[in-house]
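Chemist: We have chain C already, so just place chains X and Y on it with the hints.
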Amino acid sequence: MKRIVYREWLIEPERYWGLLAILGGVIAIGGLAALYMEHHGHWVTGMSNSVVWGTPHIFAVFLIIAASGALNVASIGTVFNRTVYKPLGRLSGLLAAALLVGGLLVLVLDLGRPERLIVALTTYNFSSIFSWNIFLYTGFLALVIGYLWTMADRKGQPFNRPIGMFAFLWRLALTTGTGSIFGFLVGRQAYDTAILAPMFVVMSFAYGLAVYMLVLIYSCTADGRPIGPLILRRLKNLLALFIAGILYFTLVYHLTKLYGAKYDAFEHFLLLGGGTYTLVFWLGWIVLGSLAPLGILYHPELSKDRDWVSAACGLIIFGGLAAMYVIIIGSQAYPLEMFPGHRVLEFGAAGDVGGRVASYAPSIPELLLGLGGTAVALFITAVGIRVLQFLPESLADRDVDPHIAAKSA
Amino acid sequence: MKQDHDTIDQGRRALLGAAAVGAAATVGFSSTIVSAEGRKTPVTAEHRWGMLIDTSKCADGCTACVDACELENGLNLQERPHGLSQQKWDDQRSTWIRKVRLQDNLSGQITQLPLMCQHCEKPPCVDVCPTGASFKRADGIVMVDRHICIGCRYCMMACPYKARSFIHEPVEHKFTRAPRGKGCVESCNLCAHRLDHGENNTACAEACAQTGHQAITFGDLNHANGKLRQALKATKNRQIREDLKLNTGVRYAGL
Amino acid sequence: MAKAVVTWGIVSLMLMPLLYGTLAQAEAIGGFVVPTSKAAQLDRCVEPTEAMRRYHMDLIRHQRDTTVYGGIRGTKHSMSGCVDCHAGHDASGEPIPVAAPGQFCQACHHYAAIKLNCFDCHATVPKGEAWNQEPEPTAPEANWMMNLLDLHLPRGRVTP
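Residue numbers (this note's numbering), protein chains in the order written: chain C, 178 to 586; chain X, 10 to 264; chain Y, 705 to 864.
So that you can see chain C by itself, here it is in the shape it has in the complex:
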């Protein structure tokens, strides 16, 4: 088999520094937004005592599950021994670490008292899934770094498979853990189901891979590295499979909810009468975020075109954010069902929502904070591939597939 050669990202300096400057700008603005929220308090955001988690959490959860999904490509190469995926492993590890850092940063900067973060890192409540997630996240970062080392260093080679295997299991736990943050909230109608955890695993596969493919296609195209049709086909087929998986789980989720009679009203809200949430669910999550990319990825012609595949990835990311919006915000906006058989006429002060759908409008600082976190992830990735050998020199068919390589030799 041909040796895979990795090279630093070789785009022109102006372009590289320009990219960093743009990302740096977005990060700076995100940081300022966080400071602004911190200084004034959360009243400047759209969040309230009804909708306690807002736009930052949409971005944070998306980035975190995408991080674990981004590692998928490396896992397939190592754990499932698919040679074609091997050259893709390093970028996969880097992206996973970068996305996780970005997501966690957003989560932390949205805390009411971020200066007390040290408390969160030193005092644990082991019955809290949130606490376990802190371990899962830090462990994940450490594992990914170790994993990258086994991929990059000869001395690490023997550990590649065991660490890869371990990282794979770890990331399943991580996504399940993230899903469980919601899954164990028994008081909330939308979350009170075990299916949320596996659904998050499939979502992580899809969103992580979509982000991965976008980054791969962009960075390879930018400095003229070939991506062969073989790799593109493999990746897009995988992506399409994951999207189908999301659709399947979404269906099961709603069927189980509809089956449990006490959730009828919530289903009605989400699927029919929820206004924005209904719209975002159908248009964002289902049509634009799942069906449209599925159409592109299975289209005999379009699916061969890099630009169309990129567009499909973009749509999937958009759909992912829409899904997070529905899952995180929609289900908080829906009133807690406390008095079955009763209509809530009054619940404290007039605007103190209860028994009615709470309103939530994302505020600009929240949005900027979320984008800032995303920019951090991309910044880390860009610097990483520029200074270290993460990207394979060529992903042309003859360089990645041993069979073709054997034939042409």
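Honestly, the hints are just simulated from the structure, not real lab data.
It cannot be assumed that every hint is accurate.
Unchecked claim - Heads up, incomplete: computed chain C residues facing chain X, CB under 8 Å, no partners named:
id, residue
1, G201
2, A205
3, W220
4, S227
5, T300
6, N302
7, F312
8, T353
9, S357
10, L513
11, V521
12, L522
13, D529
14, P539
15, S540
Stated by the list, open to error - Within a straight-line C-alpha distance of at most 16 Å, the following computed EDC-like cross-link-like pairs (lysine to aspartate or glutamate) qualify:
id, chain 1, residue 1, chain 2, residue 2
16, Y, K780, Y, D769
17, X, K145, Y, D769
18, Y, K819, C, E292
19, X, K145, X, E55
20, X, K49, Y, D769
21, C, K263, C, D330
22, X, K254, X, E55
23, X, K108, C, E292
24, C, K434, C, E444
25, X, K131, X, D252
26, Y, K780, X, E46
27, C, K434, C, E514
28, X, K108, X, E130
29, X, K131, X, E208
30, X, K236, X, E215
Said to hold, decoys possible - Output of the computed footprint for chain C on chain X, the stretches with three or more beta carbons under 8 Å from beta carbons of chain C:
id, stretch
31, 146 to 160
32, 177 to 185
33, 214 to 226
Even glycine gets a Cβ: it sits at the ideal position worked out from N, Cα and C.
Modeler: Showing chains X and Y alone in chain C's frame:
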């Protein structure tokens, strides 16, 4: 010395009702006098504080419990940040107890009740808190240690009663007895400071009794012959979201 | 091993003057008690002054946990106690926040370059200490009188 305290205390109590506030009364109110000695030993599981709320006695249009709570805990000192709409402020300001009005879907009957932290025996908010700031005191009071609360709001996500509030704005005015500030979560603590000073009632229950409605009975769930247990025995009552099996400390009759 | 001991020994020796410097500084300062506070009328703090200067943070912190978790109140190291006794008063008898520039807690912390966030939440003037009702708003004269009278009344919280 002790005698002194008691007389002063009684003087203060008697004056509470008086409308005229003269110089003498101001002395009675003066801030340094804390009427009873505070606890000297840690709270134990000997007591478990709770309440029975008889919704049939809860009067239409009466907000005595809510007002008393706000006055007690300095929530009446909250100020709407400049530029925030009243509507949004209503959903952002801290609310420890609220008056709820319900209509039965079938009979159309109206029920009123005050709703606050239900002080669960198995509180979901405590289970989810990453730092352990949300905790249950030995005597069953669920509260937040705001010295280690990081403001993640996971407890608010977990609470089935919407009992908790996040402080969205910097707090300018507060009482010594009820510290509170931006970025932490807070909720009803059954007037822990009162109980710790040997008083046997919460501000809301006391206010309700003063109006003559007597809808709130506060007491010790562990005290078999106590007034709360007697009341629970006498009236059919239930927990809100009984299906979650949280074994709440606050029970409702006539719901 | 021996080498490590020597290294640490040298490091500690080098740090000694620094350490001594801070202690000496803490001892040297003083006179922060505000003349218009109750403390100015008394001759001792809740612990020997020397100990207070050095260890008040530990005392308060310990008190904090016993109060929050154990419900133990009104013992002598309580935060509300510090504020009550150490808050100064302006000409009209209104208490001045202890964390205001030049006031007791702030003046010394400023000097020692320490920033506290305790007063984000804790009241900086004795206000609403007793439960149930906020004192009725009173005329300045009455307030002044109240404060005068206060000083001669037995104090529930701090007197042993």
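Chemist: Each hint: holds or not?
Modeler: Evaluated hints:
no.: 1; hint: G201; in the structure: violated (28 Å)
no.: 2; hint: A205; in the structure: violated (23 Å)
no.: 3; hint: W220; in the structure: holds (4 Å)
no.: 4; hint: S227; in the structure: holds (6 Å)
no.: 5; hint: T300; in the structure: holds (5 Å)
no.: 6; hint: N302; in the structure: holds (4 Å)
no.: 7; hint: F312; in the structure: violated (11 Å)
no.: 8; hint: T353; in the structure: violated (16 Å)
no.: 9; hint: S357; in the structure: violated (10 Å)
no.: 10; hint: L513; in the structure: holds (6 Å)
no.: 11; hint: V521; in the structure: holds (6 Å)
no.: 12; hint: L522; in the structure: holds (4 Å)
no.: 13; hint: D529; in the structure: holds (5 Å)
no.: 14; hint: P539; in the structure: violated (14 Å)
no.: 15; hint: S540; in the structure: violated (11 Å)
no.: 16; hint: K780/Y / D769/Y; in the structure: holds (14 Å)
no.: 17; hint: K145/X / D769/Y; in the structure: holds (14 Å)
no.: 18; hint: K819/Y / E292/C; in the structure: holds (13 Å)
no.: 19; hint: K145/X / E55/X; in the structure: holds (14 Å)
no.: 20; hint: K49/X / D769/Y; in the structure: holds (14 Å)
no.: 21; hint: K263/C / D330/C; in the structure: holds (14 Å)
no.: 22; hint: K254/X / E55/X; in the structure: violated (22 Å)
no.: 23; hint: K108/X / E292/C; in the structure: violated (35 Å)
no.: 24; hint: K434/C / E444/C; in the structure: holds (7 Å)
no.: 25; hint: K131/X / D252/X; in the structure: holds (13 Å)
no.: 26; hint: K780/Y / E46/X; in the structure: holds (12 Å)
no.: 27; hint: K434/C / E514/C; in the structure: holds (15 Å)
no.: 28; hint: K108/X / E130/X; in the structure: violated (23 Å)
no.: 29; hint: K131/X / E208/X; in the structure: violated (26 Å)
no.: 30; hint: K236/X / E215/X; in the structure: holds (14 Å)
no.: 31; hint: 146 to 160; in the structure: holds (count 4)
no.: 32; hint: 177 to 185; in the structure: holds (count 3)
no.: 33; hint: 214 to 226; in the structure: violated (count 0)
The structure is inconsistent with the numbered hints 1, 2, 7, 8, 9, 14, 15, 22, 23, 28, 29, 33, although it conforms to all the rest.
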